[in-house]
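Protein chains: 2
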Amino acid sequence: MYSDLQLTEDRPVYIQVKDYLKRLMLKGGLQPNQKLPSTRELSTLMKVSRSTILLAYAELEEEGLIYALKGKGNYVSTLIETQQTNAIHWQLDWTAEVSDYAIQAEQYDLMKHGSGAERGEISFTSIAPDEKLFDLQNVKRAFLDRMSLEGEVLLNYGYAQGYRPLMNYLLHYMENKGVDLAGKDILITNGFTEGFDLVLGALRKKSGKALCENPTHHTAIKNLKLHQFQLTGIHMEPDGLDLKQLEQELAGSAYDLAYLVPSYHNPTGIVTSPAKRTEIIRLMNEYRVPIIEDGFNEELRYSGSHVSPLISSMGKGNGLVYLGSFSKVLFPGLRVGWIIADVALIDYLESMKRARSIHTSTLDQSLLYQYLSNGNFEKYLKRARTEYKRKYELAVHCLKRHLPMCQISGAGGLHLFVQFPPEVRTRELLTACKVKGVTFTPGDTFYLEPGQGLHTMRLGFSRVSDENIRKGIRIIGETVASMM
Amino acid sequence: MYSDLQLTEDRPVYIQVKDYLKRLMLKGGLQPNQKLPSTRELSTLMKVSRSTILLAYAELEEEGLIYALKGKGNYVSTLIETQQTNAIHWQLDWTAEVSDYAIQAEQYDLMKHGSGAERGEISFTSIAPDEKLFDLQNVKRAFLDRMSLEGEVLLNYGYAQGYRPLMNYLLHYMENKGVDLAGKDILITNGFTEGFDLVLGALRKKSGKALCENPTHHTAIKNLKLHQFQLTGIHMEPDGLDLKQLEQELAGSAYDLAYLVPSYHNPTGIVTSPAKRTEIIRLMNEYRVPIIEDGFNEELRYSGSHVSPLISSMGKGNGLVYLGSFSKVLFPGLRVGWIIADVALIDYLESMKRARSIHTSTLDQSLLYQYLSNGNFEKYLKRARTEYKRKYELAVHCLKRHLPMCQISGAGGLHLFVQFPPEVRTRELLTACKVKGVTFTPGDTFYLEPGQGLHTMRLGFSRVSDENIRKGIRIIGETVASMM
Chain A
1 MYSDLQLTED
11 RPVYIQVKDY
21 LKRLMLKGGL
31 QPNQKLPSTR
41 ELSTLMKVSR
51 STILLAYAEL
61 EEEGLIYALK
71 GKGNYVSTLI
81 ETQQTNAIHW
91 QLDWTAEVSD
101 YAIQAEQYDL
111 MKHGSGAERG
121 EISFTSIAPD
131 EKLFDLQNVK
141 RAFLDRMSLE
151 GEVLLNYGYA
161 QGYRPLMNYL
171 LHYMENKGVD
181 LAGKDILITN
191 GFTEGFDLVL
201 GALRKKSGKA
211 LCENPTHHTA
221 IKNLKLHQFQ
231 LTGIHMEPDG
241 LDLKQLEQEL
251 AGSAYDLAYL
261 VPSYHNPTGI
271 VTSPAKRTEI
281 IRLMNEYRVP
291 IIEDGFNEEL
301 RYSGSHVSPL
311 ISSMGKGNGL
321 VYLGSFSKVL
331 FPGLRVGWII
341 ADVALIDYLE
351 SMKRARSIHT
361 STLDQSLLYQ
371 YLSNGNFEKY
381 LKRARTEYKR
391 KYELAVHCLK
401 RHLPMCQISG
411 AGGLHLFVQF
421 PPEVRTRELL
431 TACKVKGVTF
441 TPGDTFYLEP
451 GQGLHTMRLG
461 FSRVSDENIR
471 KGIRIIGETV
481 ASMM
Chain B
1 MYSDLQLTED
11 RPVYIQVKDY
21 LKRLMLKGGL
31 QPNQKLPSTR
41 ELSTLMKVSR
51 STILLAYAEL
61 EEEGLIYALK
71 GKGNYVSTLI
81 ETQQTNAIHW
91 QLDWTAEVSD
101 YAIQAEQYDL
111 MKHGSGAERG
121 EISFTSIAPD
131 EKLFDLQNVK
141 RAFLDRMSLE
151 GEVLLNYGYA
161 QGYRPLMNYL
171 LHYMENKGVD
181 LAGKDILITN
191 GFTEGFDLVL
201 GALRKKSGKA
211 LCENPTHHTA
221 IKNLKLHQFQ
231 LTGIHMEPDG
241 LDLKQLEQEL
251 AGSAYDLAYL
261 VPSYHNPTGI
271 VTSPAKRTEI
281 IRLMNEYRVP
291 IIEDGFNEEL
301 RYSGSHVSPL
311 ISSMGKGNGL
321 VYLGSFSKVL
331 FPGLRVGWII
341 ADVALIDYLE
351 SMKRARSIHT
361 STLDQSLLYQ
371 YLSNGNFEKY
381 LKRARTEYKR
391 KYELAVHCLK
401 RHLPMCQISG
411 AGGLHLFVQF
421 PPEVRTRELL
431 TACKVKGVTF
441 TPGDTFYLEP
451 GQGLHTMRLG
461 FSRVSDENIR
471 KGIRIIGETV
481 ASMM
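Chains as they are written, first to last, in the UniProt record's numbering: chain A, 1 to 484; chain B, 1 to 484.
By construction, these hints were calculated from the structure, which means they are not laboratory data. There's no promise every hint is true.
Chain copies aren't distinguished; within one or between two, either way the pair holds.
To be verified - For lysine to any residue, the following SDA-like pairs were computed, each having C-alpha atoms within a straight-line distance of at most 25 Å: (1) Lys47 / Leu5; (2) Lys205 / Gln104; (3) Lys382 / Val396; (4) Lys382 / Asn156; (5) Lys206 / His89; (6) Lys222 / Glu378.
Every value quoted in this text rests on a predicted model; they were computed, and no experiment measured them.
Work the whole structure out from these sequences, hints included.
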């Protein structure tokens with residue numbers, strides 16, 4: 001006892017001594033009313049200074065865990081008694097206690113059941129930004145700037161709707177994309193995902209049916225299913241949704257919502273054409289189906305053409321809910337996204353947000369605001385685009401060379417979508433590639449029905465080095481060749 | 001046109017020029033294929049340098065919004081055409097589109113329908129920490145320390161379960177409170193509120209009934225109701241729950257859960273006695289009712305006696321879900337809380353968390369971790385306790401003096417609970433006090449049934465100056481006297 005104290009470097013020594021003694025008491029190694037060693041004695045046993053022991057004892061006394069008798073020394077308090085003796089070791093079987101929602105959330109959790117990448121592999125599975133691009137100096141600058149201005153405010157409770165300067169910045173930002181803000185408002189969320197979850201929870205289920213692109217973002221599929229929506233997928237053509245099918249489905253059944261990713265769609269990378277955008281809005285209006293627009297990637301274009309979100313074409317119309325995020329272009333570790341929608345809907349969403357998590361971290365919001373308003377965004381975006389464009393072009397080049405039999409889509413963003421000839425099953429290809437240290441996301445992950453997209457893959461290139469893009473795609477090519 | 005450009009200080013000028021022109025185009029002030037002024041001309045009109053205009057034009061060209069004809073000048077692109085002409089102004093009545101959940105969330109939203117404080121009032125409504133206590137220097141230090149160590153990691157995606165160093169710190173912290181961690185695990189949440197919402201969503205509804213203290217934390221009542229639980233309130237005695245009533249209710253009906261705040265209960269401030277804690281655990285085990293323990297305030301004791309959470313008395317038992325938060329002692333602006341529970345339950349909760357918001361801000365988590373492991377917590381807590389204790393004692397002193405007819409409860413934390421003689425309706429008292437610039441929370445806010453707690457009030461003192469504590473309580477006292 002005592003001499004087995006193991007010190008670590010990450011905490012003050014007197015606290016480690018205090019914790020050591022506390023645990024002894026709680027685990028019964030020291031009994032109520034037992035005398036503790038003198039400070040001198042303990043100092044020798046623990047090989048720490050006597051003043052450290054004095055500090056530790058003072059802390060323990062302050063916490064009521066020990067008491068001092070004048071001239072006699074320190075004793076363990078009786079207060080810890082209850083805890084030691086009354087443990088019942090009550091056991092519940094939690095697997096029988098959880099809701100269907102919890103069970104489904106676990107079942108659909110790709111981080112648990114998907115094919116993750118292992119260390120050392122060349123992994124094309126991620127579409128997160130490349131952290132080497134992060135300009136940490138400006139992030140630090142923004143933090144210090146904001147903390148100096150109103151540190152106390154940032155660290156105390158904020159408001160459910162969001163941090164006002166950031167809200168104003170983003171409203172302005174959206175206005176610059178051509179959004180008519182009359183009758184609309186904004187809510188700050190913990191990224192796209194929370195925003196989507198809130199909106200799905202806020203919509204009244206009438207038909208219980210939802211439309212989406214097929215394939216589409218797997219997290220969106222998961223969340224739509226978790227909200228018990230029955231999904232109808234619309235086939236993707238090179239310029240966006242198959243409008244014939246869309247109209248048929250709309251005519252055939254009522255839908256509560258349509259979830260759409262019009263720019264650099266996940267996983268196909270397709271940008272819906274201006275003509276189709278107009279037609280989609282017209283149809284949704286005709287059939288009164290609210291659109292949930294996911295603008296996740298719209299900044300990451302590499303060609304000269306300008307892409308506006310659908311909401312820019314809505315004028316004063318309020319039938320669209322826009323979900324924004326900088327997670328793919330800035331820092332996803334800060335969980336900040338936003339919703340632009342009709343004021344009446346935002347009012348409900350604000351109350352839901354308050355009930356669920358009070359508000360999004362004020363620190364994250366204010367840091368992001370300061371970073372943006374310091375003028376860093378434009379510069380960073382330019383740098384990120386240059387870098388990702390190079391990788392994008394390299395990946396396209398390698399794919400054309402090593403997988404000449406494939407169709408490639410993707411006009412921007414952080415990934416490409418590859419369609420193999422029907423005889424190539426990408427799950428089998430993945431198994432073979434993993435052996436050679438290369439991994440990607442099998443495209444069927446993004447399809448609504450089993451058996452769809454079996455010969456497709458998504459290739460995320462943002463976090464793969466040029467060398468590994470070359471090597472990885474070459475290996476995929478060689479592996480396919482050996483399988484065919 | 002052009003000369004009405006209004007510059008602000010918060011963004012680079014060329015971006016403001018770019019945005020100005022972009023908006024002109026989007027709003028139809030500049031038509032497709034229209035020639036733009038020369039850079040020299042625009043420089044004069046806008047009163048900014050020509051190099052700024054050059055930069056702005058380059059940005060617009062890069063975005064595909066304008067095109068240059070060699071030797072002729074710059075022209076508006078045709079790409080913006082669609083947007084201007086196709087707006088349908090589609091209108092939906094969102095109040096008819098929202099779910100019952102959204103409607104209830106709005107109805108129960110006290111920030112919208114409660115009695116808030118106005119500027120300049122002496123407000124006893126808040127139980128948030130006093131931001132004057134925040135040690136910003138150490139927060140800055142922690143941020144810079146952590147950013148230097150692994151800035152890139154912090155800004156990119158993290159894990160749903162949490163930031164590992166913080167998880168380890170908190171596990172250790174809970175172990176030091178006597179928690180047996182065998183078979184248990186941790187999940188980091190966006191504060192207590194998200195944790196509670198996740199747990200309520202994870203529990204299978206069998207009876208659909210839940211037990212709680214009456215009165216209790218109003219956000220908890222709201223969230224239990226939003227999850228469609230039917231609530232049975234147990235009367236509070238000075239040393240905790242009325243055990244007779246508890247046993248009667250348990251014998252009379254099945255319950256899916258009990259939500260309990262055993263230390264510095266909100267709103268009564270009561271600390272459940274050790275004997276009652278043991279008995280509560282025994283009863284809940286006997287009737288197989290899982291406990292959700294809210295440890296929100298347990299650090300804020302002002303007397304010498306040691307308070308452990310209930311979970312410390314559970315040994316290897318897994319029937320309790322502990323929700324922790326530092327929001328009342330450290331910085332609520334960082335939305336970080338945690339759940340300690342059985343590994344099987346945490347596994348489900350982790351997937352739910354991932355589905356709803358991916359993960360809690362890594363920046364918040366890592367900043368908090370570094371702040372804690374720099375050894376600031378103990379020092380800060382000591383300072384906060386000293387400060388709050390003084391305010392607490394002052395408030396008790398003033399209450400005894402000015403409201404001698406009242407019963408006061410609260411042995412720690414950031415608020416006191418006051419029971420007036422039955423003839424004093426605190427809602428009426430509040431109306432009268434507000435006229436005199438003093439506000440508090442009427443106690444009925446915290447009760448389950450209308451008509452309960454009509455003669456009670458919660459008095460939060462953490463953010464009120466000593467002078468205003470004296471003045472505010474004196475005014476309440478005078479107002480009661482004039483009403484009686």
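Out of the numbered hints, which ones does the structure contradict? Number 6 only.
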